[in-house]
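*Asks:* Given the sequences, and given the hints that come with them, work out the whole structure.
Those protein sequences? They're chains A and W, same order as listed. Heads up: the first sequence runs through residues 0 to 654, numbered per numbering that gives the first Met the number 0. Heads up: the second sequence runs through residues 0 to 123, numbered per numbering that gives the first Met the number 0.
Just so you know, the hints here were simulated from the structure itself, not pulled from any lab data. On a predicted model such as this, the values are computed, not experimentally measured, just so you know. Using N, Cα and C, we set each Cβ at its ideal position, and we do this for glycine too. It cannot be assumed that every hint is accurate.
[What the hints assert, rightly or not] Partner residues aside, some chain W positions facing chain A, computed with beta carbon under 8 Å:
1. VAL26
2. MET56
3. MET60
4. SER71
5. GLY99
6. SER110
7. PRO114
8. TRP123
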Amino acid sequence: MKILLVEDDDAFVQVLTRTLKPHHYIIDTVKDGEMGWTYGSTFEYDLMVVDLVLPKLDGISLCKRFRAEGYTTPILLLTAQNSSTARVQGLDAGADDYVVKPFDPAELVARIRALVRRGSTNPFPLLTWGDLMLNPSTCEVSYREQHLALTTKEYELLELLMRDSQHVFSTDELLDHLWSSEKFPSEATVRSHIRRVRQKLVAIGAPHDFIATLHGRGYYLKATPSDHVKTQTARSPQPVSAWAAKPEFTIDRWDADSILISNHLQSPDPQQQYLAFLNDIWTTTKPDSLNQVSSLLQAIQDLQADHLTPQHQSQAQQLAHKLAGTLSIFGLHKAVHLSRQLEHWLGSQDPLPPNQALLMRHFVLALHQTIQETAQIELSQLPHGRSPLMLLVSADDAFNQSLQTIATSRGIQVETVSPLELDTSLTASDAADRVGHPPDLIVLRLPAEPSKLNAADQALSPTPALEHHLQTCTQRYPALPIVVMADQIALRDRLEVARRGGKLLLDSLTPPEQVMATAVHLLKGSKLPTKVMIVDDDHNWLRTLPTLLKPWGFKVTTLADPQQFWTVLQAVTPDVLVLDVNLPEINGFKLCQMLRSDPQWQRLPVLFLSVLTDSNSQQQAFTVGADDYLCKPLMGGELANRILSRLNRVRAWAS
Amino acid sequence: MPTKRILIIDDEETIQTVVQFGIKMAVGWDVLVAGSGAQGIQTAQMEKPDVILLDVMMPDMDGIATFKALQSHADTEQIPVILLTAKAQTAEKRQFNDLGVSGVITKPFNSLHLPEQIARILHW
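*Replies:* Printed below as a string of structure tokens:
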């Protein structure tokens, strides 16, 4: 990454250069605004760092000139004035961010990283290409989790190629980006660097053409499926070279929730990317939060001295609220708890008695310490944790409490809803929202109905409430296991429960331990998600479908290019295939026909999903072996239900 | 289905940034942000997002006031609003529902799962 630094203070330039060097930035320095303009408009930079006060042309005017001339390079303003007027002026002039001197080096580097990222085609904090991963915050590179030791220049070269993976870089461009303007290396230097990086990549198992040459044009990263895929392409009617012809496609990882094959680089693991991003943000949030805690401490000291004004108290309350909100994003549970308690106190009494200050001070100090000690955000602390969620529909408080205790000890979350509240579907979604994901299991425990003492009556008509609640549950979560607990289970009830999708019936006197054992058993049984593969050339549709189908617990793989059909099919081994009719080069009917003539795949359920509504197309689909035909547009629920009913039939045959 | 456009109104910049990143990363939806109720109303009127995520507790104009203002404008009253709030009590939630919001999402949340939650609440 190449940075232009426009700064006239030599001491400051030295500090800045020292701060940025370990992060592999190439820095050109100029000392006045006019030179800044000359350099910035002549050479290519990834970022310009511009001081506010400069000889000849000040920083704000320089920003304005760049923007007026159409230069979009990110600009970071350095200012000694922490006045909002200067900052607003700078941002209005077209700067993207500002840092107030004296600055915290870590914060500056984090802001630079964020700006560079914003300008790159790959906005993620971790850069990946196939099995290669580069972490710009630590400058580490790995291939299939093996560390790759690179020199500074080699690292810079790889980072550049990965940041703009769609681009073929000419030797001139590489020279421009990787060497500062005072150096004049030859094209041979570029070639030798490329050669050395290739050798290092090959040494740890990457293909020789990982960095490919396009003769007469330059170098680019070639899309390479992982070996796992390659070994399975033998039976593919399309030779492996189909991959090579399409460098814009990449498949990063096969075990990700969904493999999205599209024109832009996808992250290998969204959770990891998200975590890296949070850690990046944390480097700037941490000092901000500590400042806010200091302000809180000041308010508490004012309270102790008995001159905290109501206005300041209200401000302090808002500050505590803000802190709780911010820290919760990072999953700092203890700090959030402390902030919330402070927020509560600050809002509870108006004005607060000074003797409250001592306890509050204790909390503020604990908060400070917790934030201070958090150097790294860990995946495990992020909200949700994904422990299984049981939705308990029951009005019996004693039962609910004992089940809750047992569940907690087994790492299962319980969300309790009274049967009366279940009626509104919103309540059901609320229950799920409180923990951030839909339930994995429902336990429906209905109150005894004293009016129904006559067993004969009961045998004739199933309890209306039971029928109703079951219906509500199965409509909302069609694929979930449901345990029904009821009194005196009559035969009709049993039938009704089974018909409505209930998986298990227990007597309502069953002790909570046994209910939990049953639940755990069911949860284990439902752990294998149904794999759905969708082939469609409409990218928007492919992007949306995984979200639409997720509430049903499907593991969705999407594919836009039918050329890769066999490769992906073999790797994913889906339980259900959803095919579009009109696809580039080969249509869905042909694919289906091929599947039906293959002993391994002839039983795979195939659903067609198309905009074609005419009966001819539908007939043709069934002729080539389709199991179902659906017309676009349709809701996620409809597709999910058709998939489930198809699977149920297949499983019924199999058993 | 076209890409969705989400507007987040939250005074906390970190939350804006992280939510924006999480949603873009998870599903690639467009995310607009506003730091105050007033700014949010303006953005909503101009941009007509598909859904608004609205923080309940904000200085000056809180989420409830913002929601009411959105409801009173002809060009924003149709936009579904989901409230973002710290762990709310059932009674409080009922109160929110009575206001006519489309749903409530409680903090803390994992931004990667927000699209899923939104899609579920709005039956997308």
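*Asks:* If any of the earlier hints don't hold here, list their numbers in rising order.
*Replies:* When the structure is compared with the hints, numbers 3, 4, 5 turn out to be violated.
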